[in-house]
Every structure is written in structure tokens, then in C-alpha cells.
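Trainee: Take a look at the letters that make up each chain.
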Amino acid sequence: MLCSKSTLLVLLLAHAAAALGAPTLVSWLGRRAFLVLALVPGSAAAWALGQTAAVTSGEGPTMTLSWIPALGIDLAFRLDTLSWLMVLLVGGVGALVLVYCSAYFSPASGNLGRFAAFFVGFAGAMLGLVTSDNLVQLYVFWELTTVFSYLLIGHYTTRKSSRRAATKAILVTTAGGLVMLIGIVLIGDLSGTYSITDIVAAPPTGPVAVTAVVLLLVGAASKSALVPLHFWLPAAMAAPTPVSAYLHAAAMVKAGIYLVARLAPGYAGLEAWQLMILVLGGFSLVMGGYQALRQHDLKLLLAYGTVSQLGLLAILLGAGSRATALAGLALLGAHAMFKASLFLVVGLVDAATGTRDLRNLSAIWRRLPVTAVMAALAMASMIGLPPFAGFVAKEAALESLLHGGASPAWLDIALLVAFVAGSVLTVAYGLRLWWGAFATKATIPEIEPVRVIRPPLLLLAPAALLAVGGLAVAVLPGLGDQVLSPYANTYPAGEPGHLTLWPGLTPALVISLGMLAAGVGLFAIRDRVERWQATHQGPLDADNVYRRTLRGLDLFAADLTSLFQRGSLPFYLGIVLLMVVILPGGAMALGTSLPDRISLRGGVPQLLVGALVVVATILTVRSRRRLKAVILTGITGYGTAMLFFLYGAPDLALDQVLVETITLVVFVLVLRRLPAYFSNRPLAADRWVRLGIGIAVAVTVAGFAMVVPQARLEPPVSAALPQEAVAFGGGSNVVNVILVDVRAWDTMGEISVLVAAATGIASLTFLRSRTRDSRRPRDHVPGELPVLGLGDPDPMAPLRRPGTSSGSRSQEWLRGGRTLAPQRRSVVFEVTTRMLYHTMLVFAIWLLFSGHNAPGGGFAAGLITGLALAVRYLAGGRYELAEAAPLHPGLLLGSGLFLATGSGLIPILLGGEVLQTAIFDLTVPLIGEVHLITSTFFDIGVYLVVVGLMLDVLRSLGAEIDRQGEATGHDSDLVGPALEPAPPLRDRL
Amino acid sequence: MTWLVPLPVILPLAGAGLALTMSRHPRAQRVISVVVLTLVLVAAVSLLGLADRGPLVVDVGGWAAPVGISLVSDRLAALMLSVSAAVTLCVLLYSLAQGLADGDEEAPVAIYHPTYLVLVAGVANTFLSGDLFNLYVGFEMLLLASFVLITLGGTAARIRSGSIYVVVAIASSLVFVVAIALTYSATGTLNLAHLAQRLPEIDPGIALVLQLLLLIAFSVKAAVFPMSAWLPDSYPTAPAPVTAVFAGLLTKVGIYAILRTQTLLFAEGRADELLMTAALITMLVGILGAVVQNDVKRLLSFTLVSHVGYMIFGISLSSQAGLAAAIFYVIHHITVQTSLFLVVGLIERRGGTTSLIRLGGLARVAPLLAILFFVPAMSLAGIPPFSGFLGKLGLLQAGVADGSLLAIVLVIGGVAVSLLTLYVIIKAWNQAFVQDAPDDLPDTTLPRGMVGPTAALVALGLTLTFLAGPLYAYADRAASDLLAQSPYVDSVFSRGDRGVGESPEAAEGTPP
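As you go down the protein sequences, you meet chains L and D in turn. Be aware that the first sequence starts at 1, since it is given in my numbering, and climbs by one per residue. Be aware that the second sequence starts at 1, since it is given in my numbering, and climbs by one per residue.
Calculated from the structure, these hints are not laboratory results. Note that the coordinates shown come from a computational prediction; the quantities given were computed from them, not determined experimentally. Treat the hints with caution; some may be incorrect.
Claimed, not checked - Every beta carbon over 12 Å from chain L, so not counted as near; a handful from chain D, in silico:
| no. | residue |
| --- | --- |
| 1 | 41 |
| 2 | 267 |
| 3 | 357 |
Stated by the list, open to error - Covered, in the sense of this in silico footprint (three residues per stretch, anywhere, with C-beta under 8 Å from a C-beta of chain D), are these stretches of chain L:
| no. | region |
| --- | --- |
| 4 | 61-70 |
| 5 | 737-747 |
Using N, Cα and C, we set each Cβ at its ideal position, and we do this for glycine too.
Sequences are here, hints too, so could you generate the full structure?
Mentor: This is the structure in C-alpha cells:
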């Protein structure tokens, strides 16, 4: 035999493997696969039986594996008496129910593989739960049972009731579970461990601990369906009957009871605990029994019966004295047997007759005599008839409650009252169950005998085994006493109790007989009771509360979401800006002060430029015409460039001017396709709000600019730069060295931003493929398309002798010019372009290579090349652009980025740092001394990317828009909107 | 081995350049992207191992900190890098299969690959950057690339949602750049390690202004309430793999920036209570938004916002336990949220829609898809033993250990949000997978190439559970580094007041 420690792990893994393999197994063997699968939980029960001696002597196996030490979670398992009992129930009942399944489902029914997997998984989760010795680990299995029960309850996926019941079960039990989780974390925080053994041995005290215990009990109540969290359990009978049997008897609901029993030795002395147990248990006991009396569906009747019994179990195991605990443990076992048996029997009746409604069933005992006998045995145990296990447990319970434990007297009395009331009700609904299912009822016609199917042995045997088991265990009460009392005796208070089959004529027996009589009486007057119940609805319907909560939640969520989720960009922007004003602005107003004096170091020129920018900004915001707004924005940009220049940064100023110019050109190109005027003006009120936010942000940011620099204590890092730039970077233009060397990593990122921007523009303009259509002038067929600048085809096309000019380059200033409408051509512009273009290119190249020591660099050079291309395009149209740059922009962009990153990677290969610069002084014949700095290659990469971006923009926003304009026949001239009323382009954008 | 550090950024950029020159050869582009991202994954995982022995620092170009730019791969950065590399590779493979399945050898335009690679480089750069301005550059890279990806295909809905995204993102960048300028003017440096030394010395009032400005800039990107509403309006319309990678990574970049700056630059935790409040409201408002959604993409976008609140919760506690939980949660959430969006892409393919009203019965027609959804969805809902539960447990432990009233309220709020997430997930599960569809679903099958990467990512999520022990321990050590600051600062300034770069030696002896 395997080492007992690791056997448990093997068993758990076997459950997992069986669950994973179940679908395959079912597809092979059909429903007989259940018989094979039954071996898995069965072996767990067998293992527990094998450990009985060790467990009884207190030497049950334990095992600890480290899982997440940082969270204090170990995988700790142990098998003590309580766990032993639970493993027997979980494994034994699980195996029997699986056997039952093999005959219950019709061979043709679908989804059996899935069902089998979930069922075995469920059993495995329960097995893990009852053997965990770590609270968090227990919670893990706890939630796993919730998830599996959700999947099982929702087995009939197409039934709405089934889905609803499953949802209800998972929501209620998870809600309780999460409350419990807080309790677990609180306890863990207080005691520094999650080990259940350690916590129960030295339970933390104090108000926080009390809160934690209360939270834990809430979790237990939700799981064990104690009132008022019971309502999911009756609904869960939408599950297939074998699931109900397992769920009610051994799994799921027993988890909460298990937790109560587990913690009671440590906490039963707390007043809060006692109160909770009394309220939860007592109400469940009585309410459940009362509700069971009014049900017509046999499964519902049993479900409410379970609620009642769970209340009783909670009371007995939670009351805190040894004697009651022993009675509770005995009842735990008895309940598992009779409840599982009863469910299986009801499933049998259902399968045999097609109904579970006791108003339609009559004289079934004659058709299913063996079944009726089994049901009677199980029922006898439930209502506590001797000589059944239920009787033994209840006698012990009554005895202990009468004698009182160490708990306060009021608790004993209250518990006794609840116990008596609950037992009377149990007798009544137990009789009603049997009567409902099997008895001959005068008023109800018998079901046609032919329609009643004789149950196969596999269906009957599990129920019979469990029912007879209730008898068998009872005749050996001494054995029960012996194996169960080790756990009961861990309870702190009271005398040890005893389980006996025949206690003699004690007061307890007298009370028991009284309860039986009262119960029988209540059953006898069932018609009157039913009528009375029909007219007296309970004041509080927990199920109703649940439904209303969910509906209220949906409504509240909808209202709240519509408040913030406006779908309005101005609203979202306004919030971001307001946050800037409120948070850092508020911190500035409260926690800092303005400097004593603010120097105007820039003097008059700066003030003038500043004023210009301010005026331009205000006009921009006020302008209704797009073009005007764009040009005014450009002025603010040029003003900024001027400020850079005034502060002695010619490089920045140069770049800024170039960027502004290009931005203007691009904007104007785009504006061709937009309406001339901004569309809707916002409402007046909105305008004031926006103005207010704008001014507030402006004031705040200006405040930052004045306040924050006062904080400076130390010199900036740039102090060391000039020296290192020359010595290490090899350039005397510090700005350029920064761009291509010191902070080349930034530049590398930024050029990739440019690449992304270029590809983005292209992707939006050339929605399908960007490689299409870069035709050159020689491809142009005059008259083929409407001419640029006019709405109609060019009527003069035949006159312009298309053939003659080809190949005679010298006759034209720009070859693309002939593709333009004559009205649009400007000879002066074409001539100027022709003369300037190459000059601009040469200037760009000079800037590129001189940049390291003088203002310039790849960025500025690229922009100038781009401007040169823009000029060509503006003068000669889209064919001219293709003539000037027949390259694909992607090639420029890609190779530029590749060159720049490559010049960063190569130093790594040579053993240096990424992007490290090397300086070579070479003597080249004819040229002489060359001061070669490798960062130049990086700069060339930058140059290529910028040119690529410019080309891309011109091709997309210029040429492609031209082409689309031509193709769709719409005007696409630069000045189009001014010359004629703007066509209704807006609706196409 | 410091040469590994720049690779996760520079390799994708080189790949992007190369892919762009190959725009006429889609097959070559695919090969380049896959090879590059695989290499990045290898580099990132190697860094994960190396960083456990101490941060790896590179002074780019040999310019010694604080003059040049430092790249720092400490435990946190390496962890983020590794997860994001794995996720981006899976998403790439998924999108390749999607492209092949749709037969669009030409469309979705040849620019997808280079842009995606720039996005990956940008994400990696933000994790590695040891310089406030370079952090901004990283943001710009990923933002611009994301602008392109979110409008891919140029449909009216994408342009509309894209413009919300673009403008809000630019606004946050503007705030960020203002904050950078002010930080430099207040301290004279932008190197993060240097700022860690200088910021505590300056006027605390001014430091608070800077802290809050940076927080706002990052909170917009991380989608922290009240600056979160843009997200559910913009993400869902993008193509499924794009939404997946956005949801998984982009908000986490914001979270990372908050985590890094709040611990390294503003260690006194003066914004903690503000962050706690924001975390609470973000969690609640986000999940309540998800409650009322009928489209599974929008629903997941709202849960994304909500769970950003969890991460902020961990950060706001400023304790080792809180930071460790936040880091673990980030790792979990990147993996799980991305898987879920990939699964939603599959749902859309299989069911022809993402509307929960029109979907149904998927569990019967596509059981594997059901499993692929159920597992990460349960993890998101914090059901044990999945990683979402472990992260949440860590947060609860940290909150309880903190013990302040606000922290306890957050613990309760976190648990409530967990329940509401489950509610939302169960509703969606019932609608899409369990109950019958109102109309018949289209009769298609899912391409294996798309299911494979999704399954791989779901499996990665499960691995987070199985390897939770070592992983959580790693996150815990990363958190301890963050609190101590010294591992980061000392390894950047490995030579007293300068970094490892050679530039000071070169400058010695030359006249200024």
C-alpha cells in the first residue's frame, strides 16, 4: 500500500484526472462509464475506512506542501475524525450516486460526458475541502464546489429555470464565500497563520476576531442554505436528481456545517457565535420544516427538509458542548444516508411515473413495493424512529440539551425549544413525504400501471444500501461512539456524550415520544395545515429580496453609467482638464507661494512675441473658418520659434519654423476635403463652461510655471554636457549631439513615432493597399479624368498635343505641369520651383552633414527636403510629385528606421553600449582629413525617416486626395471652396 | 549581459524598419515579425532571470547617468517585459492566422506589422526607461502606433472611437510633457534615479504639485476614474487582436508608470489616500458599467476599467504586501484580459456577432471555445484557484494589514466588485454559451491558427496559478526593491554620482 500521506494527494489527482478523462470515457462506454468513475470517490471512502484505526487513535495522516509562501498559503491536508467522517460520506455517497447515474440517465441523453466530468470534479473538490488544514486552501476548494455545483445545477442548459437556479446558487454562495474570505484574511492577519489546527488551538480574540468569526459563519450559512440565505437550495432542485441527492446529502451544503464543526472547538464559547448559531440554525430548523409541509413537489419538500435538517446540524455542532457535538456528528452521518436515499427514491419515482407532484401520485407502493420499503426505512431514520441512526443521534442530542452543557442556560433552553419544534415538523413532513409518494389517495386516480416502469437493480441498489445503512449503523452505536467521540471531545465544554440505541425510560425518551405523537398529529390534520398555510404567507420572502436586489442593481448601474459614460469627447476632455485644475492646481494654491518677484528677462521683444501668440490664440479659438484657424495656429507656432530664438536656441527655432511650415501645408491639403466652416457651434451655455475650463487651465499652468522653478536647489545635469559633448560625442553643436548621441535613444523612439504616424496617414488614406498608384507624368492620359481644379473633363485636352512634349525634357520647366489644367498652372511658380528645388536639396544635405558642429542635423535636413518635395507637388501636381520622388515612401521610412536602429545595434556587436558613437579620423585621398563620427549614420537614418514621412504625407493627403477627387468628380482644388459654394462633402466624411 | 537590456526595444524597431521596406512581401513581413518577437521574448525571459540578481543598467551610448539616458531592467521591469513579450507574440500569431483565414494577403494593409512592432517597442521602452522624458517617448511610441491600429480599416465607427481615443491620449500627453518641463525646472534632472535623490529635497508643496500632475497624466492612460470613460468608448470597435493587446497592455503601461513614479520619485505616499479613493470608485463605477452592457466587447472593456481599480488599490497601500499584490495582479490581468479579448474575437467569428442578445448556445456548438472562455473568465472573477483569486487575496491581505478605515472600505469594496464581476461574467456566459441563440448561428469553423495562440495564452494564465509560489515570491522581491529604492538608485549611480557610462573619462583632461 502507498504511503498514507501521499495517498490523499493521489486521490485528489485521481479525481482531477477522472474529471478530465470523463468525456472520453463516456464516449467510449456510454453511461456505463459512470460505474468506472464511481471507483474514484469509492476509493477515497475505502481509503478513509482503511485509516479508521489510525484516525481514532489520533494519528491520522497529515501532509503539507508549500504553495505560495508569500501569501502564507500551504497545501496542508490532514485526516482527523471529522475529516474521516466527511471523506466517508463524500466518497461513499458519491460512489453510490454515480452508480445510480449509470442507470438513471437514458443512454441517449446528451452531454453525459460533461456531466460526469463535473460530478467527479465536484466530488474531488469536496474531498479536498474536508481534508484541508489551511483556511485559504479550504476556501479554494469551497469555491470549486460552488463552481462545479453551478455547472451541475445548470445541467439542463436549455431550461430557463435551470439556468436561473444555477445563477442563483453561484451568486448566493459566492457572496457568502467572499464574506467568509474577508473573515479568513482577518483571522490570518490576527493569528499569523492560516493553519486551521493552529487557529483552533489558539484562537485569536478581540473585537476583530469576533467580526471575523461572524463573517465566517455568514459564509457557512450561505453554503449550508441556512435561513435567510437558504433560497438557492430549493431552486437548485432544477438539477438532475442524482446531483440533488449528492448536493443535499454529502456535498456542498455539508461544507458549511463542516466549517461550523471545524471552528466550534475554538469559538463556540463566543457570545456572538452562540447567537449566530441560534438564530441561523433555529430559524432554518423551524422555517425549513414549516415550508416543507406546504410543498407539493416531492423534491422541493425534501429540499426544505434539508434546510431544516441543516439548521439542526448547525445547532448541534455549533452549540459547543461535547455531548451535543457527538450527537451532531452522528446526525451528520445519519442525515447523509437518509437524505441521499430519499432523493434517489424520489428520482426513482419520478423516473418510473414521470411526475414528482404528490397531487398526481397515488398507490405507487403497489407498483414499486421495494422502493416504498426503502423510502420507509430512510424516512424512519429521518423522523427519528428507533432503531435507526436518526433516532440514536436525536436521542443523544435531546439528552445533551436537557442536561445542558457549559453554554449559558438561555441558550440551552432556546435550542431545546427549536429542537422540539423542528423535530415535530420533521415527523410531519417526513410522513407527508412517504404518504405523498406512495400512499393510496382516495381523491387521486391511480396512474395507469402500464406507464410505471420497474426500476432496474442499479437504480434501486444505491438507495437501498443507504437506507439499510441507517439501520446497520444504529445497531452498533458503541462503535459510532468510539470513532466519533475523539472529535467531539476536542470541544472545550461539557461532559462527553454517548450514543446508545436504547437509553431506557429517560425524560429524553418521553419527550421524543411526545414529539413523535405531535408530528403524527400534525400530519393527520395536514389538510387543515395546508389551508392555513395557504392563507398565511410569510412576511419576508428571501427569494423576492434576491430578485429585487438584482433588478435594482441593474437599474442603478444603468443610471450611474449614463451619468459618466457620455460618449462625448468634450466631456471627457473637460474632466481631464478639470482634474489638472483641481488636484495639482489645488495643491499649488494651498501648499506653495508665488515667488517674491518675477523677472522679465526676455525684455520687450519677448513681450511682443508673447502678445502676438496670445492674440493669435484668442483669434484661433474664435474663428469659424477652418483655414483661418489653421493659419492663426501657425502664427502661434512661429511665435514659439521666435521665443526659442530669443533664448538662444537657433536649432530649436529652425526646427520649429520648418515644422510649422510643413504643418500648415499639410493642414491646407487636408482642408480641401473639409467644409470651409466649422460645423455646429456648441450651445451658449457650453461655450461659457468651456471658456471657464480653458481659462482655469491656463491660469493654473501659468501658475505652475511661476511657482515650480523656485524649488531648484542644485545645478542641472546639463552643466556637464558641453565638455562631454565635444570629448565623447565628437561634436561642438551640443543640441545635435544631444539629439543623435546623448539622447539618441529618445530620437530613435521619436523617429519610430514618425514612422507610425506616416503609416497611419497612409493606412487611412489608401484604405486598401498603399503600394498602388504612384503614376508618373508619362502615364498620364489627358482627358481621361476630370482635370484638377475644375469639375469637368478638360475640353482643351486634344489641343495640347500630348505626344509632342514627351521625351523633350528641355521644353518644359516641370514635366508634371502638363497634367494640370491650364488655368491652374503658374509659370512663375514652375520656374521658381525648377530653380529652387535642387538648391534646397543641396542645402538639406549640407545641413545634414554640418549638423554635428553647427545648427542643422538630420531632422532639419529632412524637413527641408520635404518642403522641396512639397513645392514640387504644389507647382506641378501629383504626377510631378511622382516624378520628383519615384520612390515608395515606405522604403525611405523603413530603411531610415533600420539604419538608425542598426547603428545602435552594431556597437553592441562590437562590445560597446547600444548607440555608442565611435570617432574615426581618416585621411582620404583627394579630400584630406575626414573627421568621421558614427553617429552621422544615425542622423542619416533620421533624415530618411523625415523625408519618408513628408513624402508619405504629400502622397496621401496630397496626391491620393487629388486622385480620389478626380475619381469621384468632386472639386479638389486648393482654392475650390472659395471659388464656388462648397459641395456637400460633409456627409461623406 | 547588460547588452540584453536594449534589445526588447531596438529589435522590434529594426524589425519595423525592415518590415516596412518589405511592404510588397507580406510573407517576409510575417517572418520578420514572428522572429523579432520571439527574440524579444527570449531576451525578456533572460532578463527576468538576470534581474533577480540585481538590476541591469545600460547608459545608452556610454553617456554616464545622469547626463544620458539609462535603461534599467530591475525585477519589476523584467517581469512586465516578459509577460508583455509573451502576450504580444501570442496576439501576433493570432492576428496572422486571422489574416490568413480571411484571405487578406494584401489588406489589412501592409502597415500592420511595422506598426505593431513599434507598439511593442514602445511598451518595452516604458518598462525599461530610467528617464522621465524617455518614458514620455515610450508612451508616444505606443500611443501613435495604437492610433494607427485602432483605426485600422477606417470604418466610420473606428474613426469615431479612434478620435476619442486619440484626443484624450494627446491631452494626457500634454499634461505629462508639462509635468516633465516643470520637473526639470524644479530639479534640474530627468533621470529617475537622480530624481529619486533630488525630489525629496525640494519644497514639499512643489513636489506634491509635480506628483499630482504626473498622476493625472498616467491615470488617463491607466483609465482611473474619473478619467476612464474614454476607454469603453474606444477599445471595443477595433479589430479583436488590437483590442486584445490594448486591453492587456496599454492600461498596464499607465499602471506601471504610476507604480514606478509613486515608489521611486514620491516615496512618501502623500497621494495614497487620493489613490485609495480613486481605486474604490474606479472599481465600483467600472463594474457597474459592465452590468448594463449587452455587447461582450464593451462588457469586458468595463471590467477592464474596474480591475484597474484593484491595481491602484495595491499601489495606494504603499506597503510591500500591497505592491507585491499589485504587481502580481498586473501580471495576471495582462494575461487574462488579453486571452478574453482573443476569445471574444473567436466568439465573433463563430457566432457572427458580439452582441449578447444575438449570441447563444456556443457551449454546444463549440465546446473548446467554451472552455477557453470559462477559464480566464473565472480567473477574472477571482474564483480560486485561478490567478485572479491569488492577486485578490494578496490585495485583501495587504488591505487588512494596513488596517486604516479607507483600506478596510477598499477590502469590502474589492470583495463586492469581485462578486459583481462574477455576476457579469455569469450573465454573459449564460447568454452567449448556455441558452439558445434567437437565430441560428452561422455555420463556420474556427481556424486552428487562431485557436492555438488563444489556448496558449489561456494556458499561460493557468501557469500563473501553478507557478504562483515562485512568481509571487518574485513579485514580493520586486516590491521590496521598490520600497527600498536603493537597488534601483545604486545600480544607476554605480560610481557615486555618475553611472556606468564612459563619457566622464573621455571628458577629463579636455578644457571645458
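Trainee: It remains to establish, for every hint, whether it holds in the given structure.
Mentor: Here is how each hint holds up against the structure:
no., hint, in the structure
1, 41, "18 Å, holds"
2, 267, "17 Å, holds"
3, 357, "15 Å, holds"
4, 61-70, "holds (count 5)"
5, 737-747, "holds (count 6)"
When the structure is compared with the earlier hints, no violation turns up for any of them.
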